[in-house]
Each structure stands twice: as structure tokens, then as C-alpha cells.
Amino acid sequence: EDKVVQSPLSLVVHEGDTVTLNCSYEVTNFRSLLWYKQEKKAPTFLFMLTSSGIEKKSGRLSSILDKKELFSILNITATQTGDSAIYLCAGNTGNQFYFGTGTSLTVIP
Amino acid sequence: DTEVTQTPKHLVMGMTNKKSLKCEQHMGHRAMYWYKQKAKKPPELMFVYSYEKLSINESVPSRFSPECPNSSLLNLHLHALQPEDSALYLCASRNVVLNEQFFGPGTRLTVL
Chain V
1 EDKVVQSPLS LVVHEGDTVT LNCSYEVTNF RSLLWYKQEK KAPTFLFMLT
51 SSGIEKKSGR LSSILDKKEL FSILNITATQ TGDSAIYLCA GNTGNQFYFG
101 TGTSLTVIP
Chain D
110 DTEVTQTPKH LVMGMTNKKS LKCEQHMGHR AMYWYKQKAK KPPELMFVYS
160 YEKLSINESV PSRFSPECPN SSLLNLHLHA LQPEDSALYL CASRNVVLNE
210 QFFGPGTRLT VL
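One line per chain: the protein sequences are V and D, in this order.
Number 38 in our numbering belongs to position 38 of the first sequence; there are no gaps in the numbering.
Heads up: take any position in the second sequence, counting from 1, add 109, and you land on our numbering.
So that you can see chain V by itself, here it is in the shape it has in the complex (with noise of 0.2 Å):
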């Protein structure tokens, strides 16, 4: 069964403070990973990684993947309280998508 797990489920921190969020699946024909934020409303894309060790970077988010072990990191630098929000992973296949629960940060000032 195709299966993402993300961790830890919730996370607390204050501002400035860098954290670390991990995503590993268990994904047949997997062809990509892909990293969302969500805040109220829908999910925004932040990230697609398609290959090992290679890091997706964006201001203070970056993210890499690694194909051997089966999991990707998201991480966050020098947090505000902006980034408070619930991350979304999940493994795609071509035509599907297998979203983890997802990891709900709040960044407290």
C-alpha cells in the first residue's frame, strides 16, 4: 500500500528559530515529492524534487530528496510568524498523489 508519513505531526518554536520537517513514503512507480504550505485556505506548491541530493532552495525554505533512503526534509531558517502554517508532503506517480497528514507548525514571536 503507497504510503506517506510525515513528522512530528505539530511542532511549536519562536521566531528565528530553524526547524526541520520530514516527509518519508513508501510510494510504487514513484516519480516525484512534492512540498505544499497550507494556511486557512488551499494549498500553495512550495517545492517538486524528482532526484537524490540534489537542494530545492527558496529565500529561507529549502528542501532536498533522498531516493536511497525514501524521505525528503523540508527545512526552514530563521522562522517568523509567517510560517506558521500546516506543511503537506506527498509522493507522486504520474496521474496520483499520496498526501502524508501533513506537519502543523506555529511559529510563536
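Worth flagging that the hints you see were computed from the coordinates, not collected in a lab.
Heads up, a few of these hints could be off.
[Unchecked claim] Covered stretches of chain V, going by a simulated chain D footprint (3 or more residues, C-beta under 8 Å): (1) 50-61; (2) 67-78.
[Unchecked claim] Dumping the calculated SDA-like pairs for lysine to any residue here, alpha-carbon to alpha-carbon at most 25 Å: (3) K145/D to N95/V; (4) K149/D to G53/V; (5) K3/V to T101/V; (6) K37/V to E153/D; (7) K128/D to V220/D; (8) K40/V to S129/D; (9) K37/V to T20/V; (10) K128/D to S195/D.
All values reported here derive from a predicted model rather than from experimental measurement.
Every residue, glycine too, gets a C-beta built ideally from N, C-alpha and C.
We have chain V already, so just place chain D on it with the hints.
Below, chain D alone, put in the same frame as chain V:
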């Protein structure tokens, strides 16, 4: 432009009503999706259209009926819904080459 639009933003309907949700994208994406999302849960796949043909139907009750009139539009027709169908309904489209999937803002549906 990575925009997927959805209408309406909010919908309240009775159990005997018929309504439709609409989704549109102009990114040339050839795969479009309907997801249902309950509070504090991840999106749950309902339907996938690939090149305007229904390719995945995740055992969704027949009171939900999808339609893909053309490569830019996706509809979800609703009939005789139950209160437990109240949720955020998300449309998404995927670039079939790059595999990036983008969500619309969603329709918040309440069934009374």
C-alpha cells in the same frame, strides 16, 4: 501564471438541491483533479481527468458527478448531498511534463 480559479468560494445547499462547482485553468495543464478536504486532514483524491478523460475515480458516491468540458474547465455536479459531505472542495491541475500540481482556492461547501 500558476493560477487555478474556482467558483463559488462558498456554497450552502440543502440535501435536495442540485448545484455545480466550477474550476478553470489556463496553464495548458492536461491533468485536472478534484479533492475533498475535511478540517485538519490532508486532501483526499476524488477524481482525476487526464487529457479530458476520466482516469481515476476513487470510489466516490454517485451524488458527485464530474465533468470535463474541455482542457481548461472542470466541473463537479452535486445532487442529493448529505451533511457529512460538507468540506473544502479543491480543484488542482498538473503539468504532465514537470509533474507540478497547483491547487485552486477551493469551494467551502456546507450541506444543511
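Hints versus structure:
1. 50-61: Per the Cβ count (1), the hint is violated.
2. 67-78: violated (count 0)
3. K145/D to N95/V: Distance of about 17 Å is within 25 Å: holds.
4. K149/D to G53/V: violated (31 Å)
5. K3/V to T101/V: Cα-Cα ~10 Å, so holds.
6. K37/V to E153/D: holds (16 Å)
7. K128/D to V220/D: At roughly 11 Å apart (the allowed maximum being 25 Å), V220/D and K128/D satisfy the hint.
8. K40/V to S129/D: holds (23 Å)
9. K37/V to T20/V: holds (14 Å)
10. K128/D to S195/D: holds (13 Å)
Consistency with the previously given hints fails for numbers 1, 2 and 4, ordered from lowest to highest.
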